[in-house]
Each structure stands twice: as C-alpha cells, then as structure tokens.
Amino acid sequence: MPDRDALQAQLSALSAQFLERTRGHVDLLKSLLERIGRGDAAALLELRAVAHKIHGSGAMFGFAAISEPAGEIEAASDELLARDAQLLQPVDTTFLLTVSAALERLGSEVEKARHGTQ
Amino acid sequence: MGRNDGFLNIDTGAVTTRLRALADPTEKRILVVDDDDLELSLICDRLRARDFTVTPAANGQEALDILERQWFPVVLTDWQMPVMDGLELTQRLRAKGVSDTFVIMLTVLNSSFDYERAYESGVDDYLSKKQPDVELHARIHAAFTTLNLRKELQAARAALAALQEKSA
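Read top to bottom, the protein sequences are chains S and L. Whatever position you read off the first sequence (first residue = 1), add 3 for my numbering. Whatever position you read off the second sequence (first residue = 1), add 282 for my numbering.
Watch out, some of these pointers could steer you wrong.
What the hints assert, rightly or not - Taking lysine to any residue pairs in the SDA-like style, the calculated list, with each CA pair at most 20 Å apart, reads: (1) S:K56 with L:Y408; (2) S:K56 with S:L84; (3) S:K33 with S:D8; (4) S:K56 with L:D396; (5) S:K56 with L:L435; (6) L:K412 with S:A78; (7) S:K56 with L:K310; (8) S:K56 with L:D367; (9) S:K56 with L:T427; (10) L:K412 with S:L84; (11) L:K412 with S:K33; (12) S:K56 with L:L322; (13) S:K56 with L:D319; (14) L:K412 with S:L14; (15) L:K412 with S:S15; (16) S:K56 with L:L429; (17) L:K310 with L:D396; (18) L:K412 with S:L17; (19) L:K310 with L:R399; (20) L:K412 with L:D347; (21) L:K448 with S:Q20; (22) L:K412 with S:A19; (23) S:K33 with L:S410; (24) S:K56 with L:Q413; (25) L:K412 with S:A68; (26) S:K56 with L:S410.
As the list claims (entries may be wrong) - Over 12 Å on every C-beta distance to chain L, these chain S residues come out as not near it, computed from the model: (27) D6; (28) R7; (29) H55; (30) A62; (31) S70; (32) G110.
What the hints assert, rightly or not - Estimated spans, in silico, between C-beta atoms of each pair: (33) S:E107 with L:D319: 26 to 32 Å; (34) S:L84 with L:D319: 42 to 48 Å; (35) S:R108 with L:A440: 55 to 61 Å; (36) L:V416 with S:A68: 16 to 22 Å; (37) L:E434 with S:E107: 53 to 59 Å.
In case anyone wonders, no lab produced these hints; they're calculated from the structure. Backbone N, C-alpha and C define an ideal beta-carbon position, used for all residues, glycine too.
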C-alpha cells in the first residue's frame, strides 16, 4: 500500500488545484451573470454547467461551504431554464439577486479555503 | 461414488468448480469515468492507495471503447458528462448483455437526479459526491462482495444443474 503521507501530499496538491480553478470559475460566473441579465440564453446554460461542476467537485474535495452556494446557483439556473430557457422575458431580479448572493458567498469561501491551505 | 439410498451422488468435479469459484476473488480492477480531470485524479489516487488497479476514462464513449477491449468487474461513473453521460454508458453496456459488471453512479444526489431512469438503465448502486473517503471504499467493497456472491451463485447453480442431469 502506498505511503500514507505521499497520498496525503497528492490529495493536498489536487485540492490546491481545485481551489485555484474554482477561483477562476467565480470570475467566469460573475461575467456570465451579467450576460444573463442582458438576455444571453447561452450564458445561462454555461452558468448552470459551471455551477454544477463546482457543486460536485466541491463536495468531492470536502469543501461543503464551496459546494453549497454552487448548488444554489445550479438550482436557481435549473428553475429559470425550466421557466424560460430562451430568456424571452426579462430576467427577474429574484434570480439575479439569489445568484449574486450565492456568488459572493462562493467567492468568499474559496478565498478562505485558499488561505487555509497555504 | 455415493450411496444409492435416495441421496444424490456427489460429483467431485462440481464441488471442485464451486471451491475454485469461492477461492478466486474477483480481480480488484475498476474503471473510473469522469469528465473532470481533478475529480478523476482524486478518485483514482484514493482507490490506488487501497491497492485497486484503476483505469481512467474521461467520458462514457471512452469508457465503452475501453470496455470493448477489456472486462471490468466494477465501473464507477459520473452522471453528467459531455459526449456520453453515465446513464447512456450504463444503458449501452447492459444492451450489449454485460450483466456481470457492477455499475456505481457517482452523483451529487439532489432532487434533479433521475433515480428511476438510472434504475431502468441498469445502475447497481449510487455514491454521493458528498461521501467521505471511508464510504467510497465501503461501497466499492460491497460491490466486489456482491460480484463474488453472484459468481458463487452461478457456480452453485451450474453444479446443481450438473447433478440433476446426472441423476436424471
């Protein structure tokens, strides 16, 4: 069985990569949200896909505080997609506020986790 | 040769086959399918640390191509993936008649997951991404135990069929 310390080092390195990647994803999600506000339906699909990715990977890497707000963004996106996937109507402020608040928390938790692992 | 007093004669060949099946645990090989490279590395590293032989695949189509060339006792697959998702991978695998591969679906396990469709696709078990490391291994261990029990059952049935044929 491989050395426990070596495994831990591998997992820590992967966690750090995950946090760095998610940091980039937070910036991407912010710009996607702006585009959704202007009626960009493709941006909504991408927002959902990225949020889903963070939701799952965050859980796998043990960052529940990162996974949860990503899950909220994913759920809000699913709701809007079910109602108006083509964004033919102006996007309601509830969606924008919900996602914006979740994004703030997500960004904050990513930074906390990054500083915690450094 | 056994007694001829209403008891079945014991065929030592059938017994040997059964003993061989019991003594031959299923090889500890797992195919892991996930489009996220970090998740894939995480799972593979954890499983390799427990002495499993792990083969990675980035999506369902890649996994199917690998399964064309090599049988795996256990497939651990993500659900949502580009090119081919985990449900379609499972459906196609079962449609090819592969019933002796245990498929575990890795998922966030929220209300949007279609359990019924997954069950109908032939998924054997589910594993939440929120599970700690210990539960991952518990589920994998349970999968291999199930496979060994299925093998034992098949061997016992074959032995019984052979005995019944002999006594007929």
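Here's how the hints hold up against the structure:
1. A hinted pair counts as satisfied when its Cα atoms are at most 20 Å apart, and K56 (chain S) with Y408 (chain L) qualifies at roughly 18 Å.
2. For the proposed pair K56 (chain S) and L84 (chain S), the alpha carbon gap of about 17 Å is at most 20 Å, so the pair holds.
3. A C-alpha spacing of about 38 Å is found between K33 (chain S) and D8 (chain S), which places the hinted pair above 20 Å, so the restraint is violated.
4. A C-alpha spacing of about 18 Å is found between K56 (chain S) and D396 (chain L), which places the hinted pair at or below 20 Å, so the restraint holds.
5. Between K56 (chain S) and L435 (chain L) the alpha-carbon distance is near 40 Å, which puts this suggested pair outside the 20 Å criterion.
6. A C-alpha spacing of about 17 Å is found between K412 (chain L) and A78 (chain S), which places the hinted pair at or below 20 Å, so the restraint holds.
7. Proximity of K56 (chain S) to K310 (chain L) is assessed by CA-CA distance (about 29 Å); at most 20 Å being required, the pair is judged violated.
8. With a CA separation close to 14 Å, the supplied pair K56 (chain S) and D367 (chain L) stays within the 20 Å bound.
9. Taken as a hint, the K56 (chain S) and T427 (chain L) pair is broken in the structure, with Cα atoms around 32 Å apart against an allowance of 20 Å.
10. The suggested pairing of K412 (chain L) with L84 (chain S) is violated, with an alpha-carbon distance near 25 Å, which exceeds 20 Å.
11. Distance hint between K412 (chain L) and K33 (chain S) is unfulfilled; the C-alpha atoms sit about 26 Å from each other, more than 20 Å.
12. With a C-alpha separation of about 13 Å, the suggested pairing of K56 (chain S) with L322 (chain L) holds against the 20 Å cut-off.
13. Using a Cα cut-off of 20 Å, the hinted pair K56 (chain S) and D319 (chain L) holds, with the two alpha carbons roughly 11 Å apart.
14. For the hint pairing K412 (chain L) with L14 (chain S), the CA-to-CA distance comes to about 16 Å; that is within 20 Å, so the pair holds.
15. Our distance criterion of 20 Å between C-alpha atoms is met by K412 (chain L) and S15 (chain S), whose separation comes to about 18 Å.
16. Restraint check for K56 (chain S) and L429 (chain L): the C-alpha separation of about 31 Å exceeds 20 Å, so the hint is violated.
17. For the hint linking K310 (chain L) to D396 (chain L), the alpha-carbon distance of about 29 Å lies beyond 20 Å, and the restraint is violated.
18. For a cut-off of 20 Å, the pair hint linking K412 (chain L) to L17 (chain S) stands: about 17 Å separates their Cα positions.
19. Under the criterion of a C-alpha separation no larger than 20 Å, the hint pairing K310 (chain L) with R399 (chain L) is inconsistent with the structure, at around 28 Å.
20. Restraint check for K412 (chain L) and D347 (chain L): not satisfied, since their Cα atoms lie roughly 29 Å apart, outside the 20 Å limit.
21. A distance of roughly 64 Å separates the Cα atoms of K448 (chain L) and Q20 (chain S); the hinted pair therefore is violated under the 20 Å criterion.
22. At most 20 Å may separate the alpha-carbon atoms for a hinted pair to count; K412 (chain L) and A19 (chain S) meet this at roughly 18 Å.
23. Using a Cα cut-off of 20 Å, the hinted pair K33 (chain S) and S410 (chain L) is violated, with the two alpha carbons roughly 28 Å apart.
24. Our distance criterion of 20 Å between C-alpha atoms is met by K56 (chain S) and Q413 (chain L), whose separation comes to about 16 Å.
25. For the hint linking K412 (chain L) to A68 (chain S), the alpha-carbon distance of about 12 Å falls within 20 Å, and the restraint holds.
26. Straight-line distance between C-alpha atoms of K56 (chain S) and S410 (chain L) comes to about 14 Å, which keeps the hinted pair within the 20 Å bound.
27. Not every beta carbon of chain L lies more than 12 Å from that of D6 (chain S), the smallest distance being close to 9 Å; the non-interface claim is violated.
28. Its beta-carbon lying about 8 Å from the closest one in chain L, R7 (chain S) breaks the requirement of being farther than 12 Å from that chain.
29. Not every Cβ of chain L is farther than 12 Å from the Cβ of H55 (chain S); the closest lies at roughly 7 Å, contradicting the non-interface assignment.
30. Interface exclusion of A62 (chain S) from chain L breaks down, the closest Cβ pair being 4 Å apart, not more than 12 Å.
31. Interface exclusion of S70 (chain S) from chain L breaks down, the closest Cβ pair being 7 Å apart, not more than 12 Å.
32. For G110 (chain S), the condition that its CB be more than 12 Å from all CB atoms of chain L holds, with the nearest at approximately 19 Å.
33. A C-beta distance of roughly 28 Å is found between E107 (chain S) and D319 (chain L), which places it inside the suggested range of 26 to 32 Å.
34. Against the hinted window of 42 to 48 Å, the Cβ-Cβ separation of L84 (chain S) and D319 (chain L) comes to about 26 Å, which falls outside the hint.
35. Range check, R108 (chain S) to A440 (chain L): Cβ separation about 59 Å, and the 55 to 61 Å hint holds.
36. A hinted range of 16 to 22 Å holds for the C-beta pair V416 (chain L) and A68 (chain S), which are about 21 Å apart.
37. Distance hint check: the CB atoms of E434 (chain L) and E107 (chain S) are about 55 Å apart, consistent with the given range 53 to 59 Å.
Checked against the numbered hints given earlier, the structure breaks hints 3, 5, 7, 9, 10, 11, 16, 17, 19, 20, 21, 23, 27, 28, 29, 30, 31, 34 and satisfies all the rest.
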